[in-house]
Amino acid sequence: MKINVLGSGYMGKQICSLFVVLGHSVNLWQNTDEKLDHILQAEIQKLNKYFNIKSNGTFSVINDISYLDENLTIETVKEDLKVKKEIISKLRFKDNIFSNTSSLKLSEIGEHVNGFHFMNPITIPLIELCKKKNYSEVLLNELIDSLTKYSYQIINVADIPGFTVNRILFKEISYFFYLYEAEKKSISDLKKIYKVLLKNSDPIKIVNMIGVDTSLSILQNLNKYDKNIYVPNILKESLKNNILGFKNKKLLKL
1 MKINVLGSGY
11 MGKQICSLFV
21 VLGHSVNLWQ
31 NTDEKLDHIL
41 QAEIQKLNKY
51 FNIKSNGTFS
61 VINDISYLDE
71 NLTIETVKED
81 LKVKKEIISK
91 LRFKDNIFSN
101 TSSLKLSEIG
111 EHVNGFHFMN
121 PITIPLIELC
131 KKKNYSEVLL
141 NELIDSLTKY
151 SYQIINVADI
161 PGFTVNRILF
171 KEISYFFYLY
181 EAEKKSISDL
191 KKIYKVLLKN
201 SDPIKIVNMI
211 GVDTSLSILQ
221 NLNKYDKNIY
231 VPNILKESLK
241 NNILGFKNKK
251 LLKL
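Numbering-wise (my numbering), the sequence shown opens with residue 1 and increments by one.
For the record, the hints were derived by calculation from the structure and aren't laboratory data.
Computed from a predicted structure; not experimentally measured.
Do not rely on the hints blindly, as some may be mistaken.
As the list claims (entries may be wrong) - Result set (BS3-like, lysine-lysine): computed pairs, CA atoms no more than 27 Å apart in a straight line:
{"#": "1", "residue 1": "LYS78", "residue 2": "LYS46"}
{"#": "2", "residue 1": "LYS46", "residue 2": "LYS185"}
{"#": "3", "residue 1": "LYS132", "residue 2": "LYS78"}
{"#": "4", "residue 1": "LYS195", "residue 2": "LYS236"}
{"#": "5", "residue 1": "LYS35", "residue 2": "LYS249"}
{"#": "6", "residue 1": "LYS185", "residue 2": "LYS224"}
{"#": "7", "residue 1": "LYS78", "residue 2": "LYS35"}
{"#": "8", "residue 1": "LYS227", "residue 2": "LYS171"}
{"#": "9", "residue 1": "LYS205", "residue 2": "LYS249"}
{"#": "10", "residue 1": "LYS224", "residue 2": "LYS205"}
{"#": "11", "residue 1": "LYS78", "residue 2": "LYS195"}
Required output: the full structure, derived from the provided sequences and hints.
Rendered as structure tokens:
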């Protein structure tokens, strides 16, 4: 099937590549000047090896969003309400639009926008789906079938900021940094506790994997709805110093 992906950032590249590997034809709208062909081919090859298959899909990079046809569309731009609303408003159609948001309320992005939230990295076989309106069950089921064939599990969720996964995950991450910054707990002791009690959980590694900038945005967005979510100062300082985690190979370290 034909799929539009809006945004060529860290998640946009991964989602585009996954769909190509699963055999779809993807139009990737690029919102940067980055040369993408070589990067996407490398990501596709990595996923081919991971799934032990040979991709038979295709991709095209589009610079003008107005050229996109009315296909199932997944928005992946930065976790900023204003940016997401602006980009989606430029589409010539209002049907079959899904957002990969991980911390925003869909109804605030647009009443016609549904949710399709992938994990990072893309190989985590879990996807949150929030079905609202203005979508085709036929197209959605075709996409879901191609994903479940490779063991992805689809979790139906309500239109709540953070859905379910990030409300669990970032509650844990938030409290880790709260204990470190506000209660001055030993970082060494915290790491030991999280490793033993929480099955090798490492909040610092998770933040580096997701991205310091994205993690900070998620925590700030969730804090608007739940004041128990702590927003760490260390993430703000890291972002000022262009420390983004694995995406630019500058890692948050404590």
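Here's how the hints hold up against the structure:
| no. | hint | result |
| --- | --- | --- |
| 1 | LYS78 to LYS46 | holds, 24 Å |
| 2 | LYS46 to LYS185 | violated, 39 Å |
| 3 | LYS132 to LYS78 | holds, 22 Å |
| 4 | LYS195 to LYS236 | holds, 25 Å |
| 5 | LYS35 to LYS249 | holds, 19 Å |
| 6 | LYS185 to LYS224 | holds, 26 Å |
| 7 | LYS78 to LYS35 | holds, 19 Å |
| 8 | LYS227 to LYS171 | holds, 11 Å |
| 9 | LYS205 to LYS249 | holds, 12 Å |
| 10 | LYS224 to LYS205 | holds, 25 Å |
| 11 | LYS78 to LYS195 | violated, 31 Å |
Violated hints for the displayed structure, listed by number in ascending order: 2 and 11.
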